[in-house]
Every structure is written in C-alpha cells, then in structure tokens.
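Participant: Here are the chains, one letter per residue:
2 protein chains.
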Amino acid sequence: MSAPKTTRAWILSNPPTDMPDESTFKLVEQDLSELKDGEVLVKTTYLSNDPAQRGWIQKGVIADRMYFPPVEINAPMSSFGIATVIESKAADFPKGTLVNCLTNWREYAVIDTTLGAPYVTRVDPIPGFKETHFLGALGLTGVTAYHGLENVNVTKDDTVVVSGAAGATGSMVVQIAKKIIGCKRVVGIAGTADKCKWVESLGADVCINYRDADFKEQLIKQTEGYVEVYFDNVGGEILDLMLARVKRFGRVSACGSISEYNNSSPPGFKNWFEVIANRITIKGLIVLDAGARWPEMIKEISEAAVSGKIQVGDANETIVPTAFEDVPKTWLKLFEGANTGKLITHIV
Amino acid sequence: MSAPKTTRAWILSNPPTDMPDESTFKLVEQDLSELKDGEVLVKTTYLSNDPAQRGWIQKGVIADRMYFPPVEINAPMSSFGIATVIESKAADFPKGTLVNCLTNWREYAVIDTTLGAPYVTRVDPIPGFKETHFLGALGLTGVTAYHGLENVNVTKDDTVVVSGAAGATGSMVVQIAKKIIGCKRVVGIAGTADKCKWVESLGADVCINYRDADFKEQLIKQTEGYVEVYFDNVGGEILDLMLARVKRFGRVSACGSISEYNNSSPPGFKNWFEVIANRITIKGLIVLDAGARWPEMIKEISEAAVSGKIQVGDANETIVPTAFEDVPKTWLKLFEGANTGKLITHIV
Numbered sequence: 001m002s003a004p005k006t007t008r009a010w011i012l013s014n015p016p017t018d019m020p021d022e023s024t025f026k027l028v029e030q031d032l033s034e035l036k037d038g039e040v041l042v043k044t045t046y047l048s049n050d051p052a053q054r055g056w057i058q059k060g061v062i063a064d065r066m067y068f069p070p071v072e073i074n075a076p077m078s079s080f081g082i083a084t085v086i087e088s089k090a091a092d093f094p095k096g097t098l099v100n101c102l103t104n105w106r107e108y109a110v111i112d113t114t115l116g117a118p119y120v121t122r123v124d125p126i127p128g129f130k131e132t133h134f135l136g137a138l139g140l141t142g143v144t145a146y147h148g149l150e151n152v153n154v155t156k157d158d159t160v161v162v163s164g165a166a167g168a169t170g171s172m173v174v175q176i177a178k179k180i181i182g183c184k185r186v187v188g189i190a191g192t193a194d195k196c197k198w199v200e201s202l203g204a205d206v207c208i209n210y211r212d213a214d215f216k217e218q219l220i221k222q223t224e225g226y227v228e229v230y231f232d233n234v235g236g237e238i239l240d241l242m243l244a245r246v247k248r249f250g251r252v253s254a255c256g257s258i259s260e261y262n263n264s265s266p267p268g269f270k271n272w273f274e275v276i277a278n279r280i281t282i283k284g285l286i287v288l289d290a291g292a293r294w295p296e297m298i299k300e301i302s303e304a305a306v307s308g309k310i311q312v313g314d315a316n317e318t319i320v321p322t323a324f325e326d327v328p329k330t331w332l333k334l335f336e337g338a339n340t341g342k343l344i345t346h347i348v
Numbered sequence: 001m002s003a004p005k006t007t008r009a010w011i012l013s014n015p016p017t018d019m020p021d022e023s024t025f026k027l028v029e030q031d032l033s034e035l036k037d038g039e040v041l042v043k044t045t046y047l048s049n050d051p052a053q054r055g056w057i058q059k060g061v062i063a064d065r066m067y068f069p070p071v072e073i074n075a076p077m078s079s080f081g082i083a084t085v086i087e088s089k090a091a092d093f094p095k096g097t098l099v100n101c102l103t104n105w106r107e108y109a110v111i112d113t114t115l116g117a118p119y120v121t122r123v124d125p126i127p128g129f130k131e132t133h134f135l136g137a138l139g140l141t142g143v144t145a146y147h148g149l150e151n152v153n154v155t156k157d158d159t160v161v162v163s164g165a166a167g168a169t170g171s172m173v174v175q176i177a178k179k180i181i182g183c184k185r186v187v188g189i190a191g192t193a194d195k196c197k198w199v200e201s202l203g204a205d206v207c208i209n210y211r212d213a214d215f216k217e218q219l220i221k222q223t224e225g226y227v228e229v230y231f232d233n234v235g236g237e238i239l240d241l242m243l244a245r246v247k248r249f250g251r252v253s254a255c256g257s258i259s260e261y262n263n264s265s266p267p268g269f270k271n272w273f274e275v276i277a278n279r280i281t282i283k284g285l286i287v288l289d290a291g292a293r294w295p296e297m298i299k300e301i302s303e304a305a306v307s308g309k310i311q312v313g314d315a316n317e318t319i320v321p322t323a324f325e326d327v328p329k330t331w332l333k334l335f336e337g338a339n340t341g342k343l344i345t346h347i348v
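These protein sequence lines are chains A and B, in that order. With full-length UniProt numbering, letter number 30 in the first sequence gets 30, and the count goes up by one each step, no holes. With full-length UniProt numbering, letter number 127 in the second sequence gets 127, and the count goes up by one each step, no holes.
Treat the hints loosely; a few may be bogus.
Any copy will do: because identical chains look the same in the list, a pair fits if it lies in one copy or spans two.
[Unchecked claim] In silico BS3-like links for lysine-lysine, alpha-carbon gap of 25 Å or less:
(1) Lys-247 <-> Lys-130
(2) Lys-216 <-> Lys-179
(3) Lys-247 <-> Lys-59
(4) Lys-59 <-> Lys-221
(5) Lys-216 <-> Lys-59
(6) Lys-270 <-> Lys-59
(7) Lys-179 <-> Lys-299
(8) Lys-26 <-> Lys-329
(9) Lys-299 <-> Lys-221
(10) Lys-184 <-> Lys-329
(11) Lys-179 <-> Lys-333
(12) Lys-197 <-> Lys-130
(13) Lys-247 <-> Lys-5
Worth flagging that the hints you see were computed from the coordinates, not collected in a lab.
Could you build all of it, start to finish, from the sequences and the hints given here?
Facilitator: Spelled out as structure tokens, the structure:
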C-alpha cells in the first residue's frame with residue numbers, strides 16, 4: 001500500500017465557553033504535505049484524552065496566557081497520541097518506529113521529529129508494559145503527578161489529600177506520594193465507591209466519595225488536625241472545602257480544575273479568607289516545567305513500576321475502541337467522570 | 001477623680017454571616033478587675049478600625065483556623081487602640097504613659113503589659129507625627145504592607161498592582177513599594193476619582209477607579225505585558241481579573257478580601273485556570289509573621305517618613321469623632337469605602 005496523500009481530521013469549528021459537544025468539532029479531509037528532512041509520516045493508533053485539552057479550545061482564550069498554543073478555529077484538535085512511522089526522512093525514527101507525539105485528532109500526520117521531547121519521543125518498549133502506558137503513567141501524566149508534588153516540596157512528613165484520585169493524574173499522585181516519596185498519609189477523593197476502592201488498592205490510606213451525602217463530614221474526619229498538602233485536580237467546591245482543611249502554612253498544588261472547565265459561572269470560594277488567616281501557599285504548575293527532572297522522574301516511575309512498588313496496569317487505563325468518526329464522543333467522556341485512570345482512545 | 005470601677009463596653013451579641021449592623025453588638029456596663037502586678041488601667045482615646053476585625057466575629061468561625069482569637073459571644077469586641085495609663089502596677093508603664101494595646105471596644109480597660117509587642121507597646125512620640133499614626137503607618141498597618149511585599153519577594157525589578165490602594169494598608173503598600181523598595185512601577189486600584197488622585201500623589205505611577213465603566217479596559221492597558229506582583233486587599237472580582245493580568249510565574253500577596261467579608265455567597269473565579277496555566281503563586285500573610293523584621297520595618301518606615309520620602313500625614317487618616325454609643329457605627333464605615341487611609345475612631 002502506498003502512503004496516503006490525505007487524512008481525515010477533526011478540526012475545532014465552534015470554541016465553547018461551557019460544556020463542549022460534538023458540534024464543537026468538525027470532521028474534514030486534509031492534504032498531507034510532502035516529507036521534509038527530519039519529518040516522518042505516522043499512522044495514529046491511540047489518542048491521549050486529557051482535561052487540559054479543554055483549556056486549549058476555550059472561546060476567547062488568549063495565546064500568550066497559555067502554556068501550550070490554543071487550537072485555532074479550523075485547525076485540528078491538539079492531542080498527544082501513539083503512532084507508527086509509515087514513511088521516514090528522520091534517521092532516528094525509521095519506518096515501523098513507535099512514537100509518542102502530537103498526532104492531534106488525525107488518522108495520519110506529518111511530524112517534525114526535531115522538536116524532541118516531550119513533543120516527539122520514541123516509545124521503547126519495557127517488558128510487561130503496554131505502549132499506551134507511555135501516554136499516561138510512564139509519560140506526561142506520571143511526570144505531571146510527580147512534578148506537582150515536588151513543586152510544593154512534598155516530603156515523607158506530609159499528609160497529602162488528592163482530588164480526582166481515580167483519574168489519570170490523581171492515581172499517579174496517590175502512588176508517587178505513598179510509594180516513592182513515602183508520605184505519612186494519603187487521602188484520596190473520587191466520585192464512586194468502586195473508584196474509591198481502587199484508589200485504596202493503589203495505596204491511599206483512605207479514599208472518600210464526594211457524591212456521598214456526608215462527604216463533608218467524612219472529609220473533616222479524615223483530615224483531623226488538618227493536612228500539609230492538597231493536590232488539586234478539580235477546583236471549584238472541593239478546592240473551597242479543602243482551603244479550610246489545609247494546615248497553617250500548608251500548600252496547595254494547583255494542577256487542574258476539571259469541575260470548572262465547562263462552567264462559565266463557577267461557584268464562589270466561601271473559604272478564601274483561609275488562604276490569608278492560615279497563610280496558605282497555592283502554586284500552579286504545568287508539566288512542561290519539570291525540566292531536567294523529566295527523564296529522571298520517568299526513570300524513577302518506571303523502576304518503581306518494574307519492581308512492583310507502584311501499579312501501572314490495565315486498571316490504570318480506560319481504553320475505548322473508537323471509530324475515527326467518534327473521536328470527540330470518547331473525549332467527552334472525560335467530563336462524565338466515566339474513566340478510571342487514563343482515558344485512551346483506541347482508533348479502530 | 002478616683003479610678004473607675006466599671007466601664008462601658010460594646011460586646012458581640014449576634015455574630016454575622018453577611019453585612020454586620022448595629023444589632024451585631026450590644027452596649028453594656030462591665031466591672032473592672034483589681035490591678036495585679038504588671039497590669040495597668042487605661043482610658044481609651046482612639047480605636048483602630050481594621051477590615052480584619054470582620055473575620056474575628058464571623059458566625060461559626062473556628063478558633064484554631066484563626067491567627068487571632070475570635071470574639072466570643074458576649075465578650076467585648078476586639079480592637080487595638082491608643083490609650084492613656086491612669087493607674088499602674090507596671091514599672092515601665094507609669095501613670096500618663098501612652099500605650100498602643102488591645103483596648104477592645106471599652107472606655108476603660110485593664111491591660112497586662114507583660115504581653116509585650118505587638119499587643120502592648122508604649123507610644124514614644126516622634127516629632128511631627130501624631131499618636132494615631134502608631135495605629136497605622138507606624139504600626140500594624142505599615143508592617144502589614146511591608147511584610148506583604150516581602151512575603152512575595154518584591155524587588156525593584158517588579159511592577160506591583162495593589163487594590164484598596166487608598167485604604168490604610170494599600171496606601172502604605174504603594175509608598176513602601178515605590179519609595180522604600182523602589183519598584184519599577186506601581187499601579188493602584190481604588191474606588192473614587194479623588195482617592196485615585198491621592199494614591200498618585202503618594203507615588204503610584206497611576207491609580208485606576210474600579211467604579212469606572214471602562215475599568216477592565218483601563219486595567220488591561222495599565223498592565224500591558226502583564227505584571228510580576230498583585231497585592232490583594234479586596235478579593236472577589238478584582239482578584240479574579242488580576243489572575244489574568246499577573247505574569248507567568250508571577251505572585252499574588254493575599255492580604256485581605258474586604259469585598260467578600262460580608263458576602264456569604266461570593267462570586268466565582270472565572271480565571272482560576274490562570275493560576276495553573278501561568279504557574280502563579282498565591283501566598284496568604286498575616287502581619288504577626290513579620291517576626292524579627294517587625295521593629296526593623298517600623299524603623300525603616302519611620303525614617304522614610306521623617307526624611308519626607310514617604311507621606312504619613314493627616315491625609316493618611318480618616319479620624320471620626322465618635323461618642324462611645326456610636327463606636328459600631330463608625331466601624332461600619334469600613335465597608336462603605338468611606339475612608340481614605342486609616343479609619344480611626346476618636347472617642348469624644
């Protein structure tokens with residue numbers, strides 16, 4: 001089969017302010033450019049679905065306020081993916097190489113390999129681990145979790161509460177905090193009893209279901225004496241509650257705010273004064289700042305996984321076999337709280 | 001005249017969740033205890049009115065979350081004041097000494113001088129400065145402003161935006177940032193054209209009126225290229241706007257949130273994601289943390305005032321002559337935006 005000259009692609013057609021839906025995107029056919037030196041043509045197999053992508057398509061988003069270029073109208077939706085090189089003009093990426101790169105929502109893509117990590121990396125298999133793990137635990141997600149802990153100087157003497165604990169990042173935060181850093185206590189927050197059970201199986205001392213009627217009481221009980229660190233993946237009401245449960249001079253690692261991404265009128269913080277009265281430090285982070293620690297973190301996480309100290313298995317992923325026509329539909333599951341671990345689209 | 005055995009006092013009778021009013025407090029007569037060693041009996045002349053006091057009377061406030069003991073029901077309202085010793089069992093505080101102490105809302109009070117600074121300090125006059133300045137610029141307020149700047153490591157290379165810039169703390173932030181630290185640029189935010197003019201006379205490069213219809217456009221223009229530091233005295237909508245105007249890796253000094261103190265349903269932050277995307281650090285502060293820097297800061301501020309570098313004059317105070325029956329009424333002016341500089345009750 002000769003290499004394709006065109007690809008199907010999902011482009012951004014209608015930037016949302018609230019909940020996106022299938023009308024946010026449009027399926028089109030696009031030309032593929034001729035390969036230049038250093039470029040490869042890849043075929044996409046897996047797409048990474050990340051809450052952060054929601055920020056890249058927000059209506060009116062200002063490019064110089066983003067850590068990552070927003071998606072322009074009529075441009076393909078940005079996304080990391082696992083793909084296979086099917087034509088190559090890059091010596092280090094011969095035909096057949098597996099790559100983790102910005103495939104975006106395209107069946108085929110021309111990729112500039114000179115961009116380097118983390119935008120284009122070879123996927124060199126580790127026995128016992130699937131290639132999809134390089135999108136999650138052994139890739140961006142794992143580093144996000146680790147960097148988010150280091151960014152607020154978490155040590156073994158800290159108790160850490162983490163929201164979205166059954167999500168891709170949260171489940172790695174639980175494991176890295178408990179099993180690599182060795183934190184005194186890790187409390188998860190998740191959205192179903194099953195998820196909570198899974199989070200506890202990962203090593204959390206306890207995981208609380210925020211949909212329980214007595215969630216607030218449980219949270220108070222499980223954070224008695226207050227906690228040093230809150231790792232925030234959700235923003236909104238849970239962040240507000242946690243401002244009152246973080247210790248004097250405690251820290252909040254602001255990693256995500258999924259509860260607010262699709263809400264142009266988010267709820268107010270009733271506990272903002274706690275930041276002042278208890279001298280709380282809140283620090284935002286982006287995985288790209290991990291810098292020199294990036295490869296070290298991947299190495300530490302991989303070694304912990306190989307030794308069985310942390311779990312990076314099928315349970316850490318929700319892989320959804322998806323026809324290319326349904327790529328947005330699978331991505332939207334992110335906002336339904338449907339996934340346990342990393343939500344991955346398998347293009348079939 | 002022999003020393004009084006009783007005093008009138010305003011006690012907390014009805015802790016508020018929203019805007020307090022005169023029914024929040026009750027005027028009563030209380031016994032004064034016999035002086036023990038180290039104690040003095042004082043007569044109150046001036047009361048300090050501080051937005052922070054609102055936090056001390058919030059309904060349901062939890063003592064161990066406060067940096068300062070909340071006011072108990074039926075206890076006198078807490079307040080710093082300037083008072084004169086009329087009877088003494090403390091060698092360092094002979095009869096006639098002026099003291100800056102927690103008089104609370106009482107005409108007379110028995111004060112334990114062994115508590116020391118900042119709870120009980122002698123007021124040793126500086127030529128050209130009134131005793132009331134020791135409640136403000138040359139006291140707690142000045143240290144709050146200075147510590148709030150140092151707490152986020154402000155340097156001369158920073159542009160600082162400060163809200164509540166015509167208030168007691170804000171007006172000192174403007175002057176310390178511009179005249180002592182020597183910041184590149186200081187932008188004030190205040191609530192009337194006259195206040196803005198005054199803030200500019202203190203050294204702000206510009207001051208914007210948040211009541212102007214085009215406030216948001218002015219703010220964007222005056223923060224072009226974004227700013228390193230936002231000093232927040234108000235919280236709420238202005239804090240939300242500023243999250244989008246602070247530079248990547250910028251800092252927010254969270255000092256107060258007066259816009260929210262009387263609002264049990266504060267507005268949501270539409271720009272919370274900016275904290276993450278732009279890796280903003282938000283740090284809460286309380287003046288009591290200034291520690292060893294406290295006397296040094298007072299010294300630096302006093303010297304700058306004596307040399308005329310910063311302005312500590314009548315314009316920095318709004319002194320309201322007040323019958324003791326009207327003490328709460330004067331305090332409530334804090335929330336009307338009525339004062340320029342420090343709001344002080346002069347008991348007449």
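Participant: Treating 25 Å as the Cα threshold, decide for Lys-184 and Lys-329: within, between, both or neither.
Facilitator: Neither. Shortest intra-copy (40 Å) and inter-copy (50 Å) distances fail the 25 Å Cα cut-off.
Participant: Taking 25 Å as the upper bound on the Cα-Cα distance, should Lys-247 and Lys-5 be classified as within, between, both, or neither?
Facilitator: neither (59 Å within a copy, 43 Å between copies)
Participant: Using 25 Å as the alpha carbon limit, work out where Lys-197 and Lys-130 are close: within a copy, between copies, both or neither.
Facilitator: within (24 Å within a copy, 65 Å between copies)
Participant: Checking Lys-270 and Lys-59: alpha-carbon separation at most 25 Å within a copy, between copies, both or neither?
Facilitator: between (27 Å within a copy, 13 Å between copies)
Participant: One pair to classify: Lys-59 and Lys-221, alpha carbons no more than 25 Å apart. Within, between, both, or neither?
Facilitator: Between copies only: 22 Å across chains, 40 Å inside a chain, cut-off 25 Å.
Participant: With identical chains, the pair Lys-247 and Lys-130 could be close in the same copy or across copies; at 25 Å between alpha carbons, which is it: within, between, both, or neither?
Facilitator: For Lys-247 and Lys-130, the Cα distance exceeds 25 Å both inside one copy (40 Å) and across copies (40 Å).
Participant: How would you classify Lys-179 and Lys-299 at a CA-CA limit of 25 Å: within, between, both, or neither?
Facilitator: For Lys-179 and Lys-299, only the intra-copy Cα distance (15 Å) is at most 25 Å; the inter-copy one is 50 Å.
Participant: Is it within a copy, between copies, both, or neither that the alpha carbon of Lys-179 lies no farther than 25 Å from that of Lys-333?
Facilitator: neither (29 Å within a copy, 54 Å between copies)
Participant: Given a CA cutoff of 25 Å, do Lys-216 and Lys-59 count as a within-copy pair, a between-copy pair, both, or neither?
Facilitator: This pair counts as between: shortest inter-copy Cα distance 19 Å, intra-copy 34 Å.
Participant: How would you classify Lys-247 and Lys-59 at a CA-CA limit of 25 Å: within, between, both, or neither?
Facilitator: between (37 Å within a copy, 21 Å between copies)
Participant: Pop the pair Lys-216 and Lys-179 into one bin, within, between, both or neither, using alpha-carbon distances up to 25 Å.
Facilitator: This pair counts as neither: shortest intra-copy Cα distance 27 Å, inter-copy 47 Å.
Participant: For Lys-299 vs Lys-221, is the C-alpha pair at or below 25 Å within one copy, between two copies, both, or neither?
Facilitator: Classified as neither: same-chain Cα gap 37 Å, cross-chain 46 Å, threshold 25 Å.
In the structure shown, a violation is registered for the earlier hints numbered 1, 2, 9, 10, 11 and 13, in ascending order.
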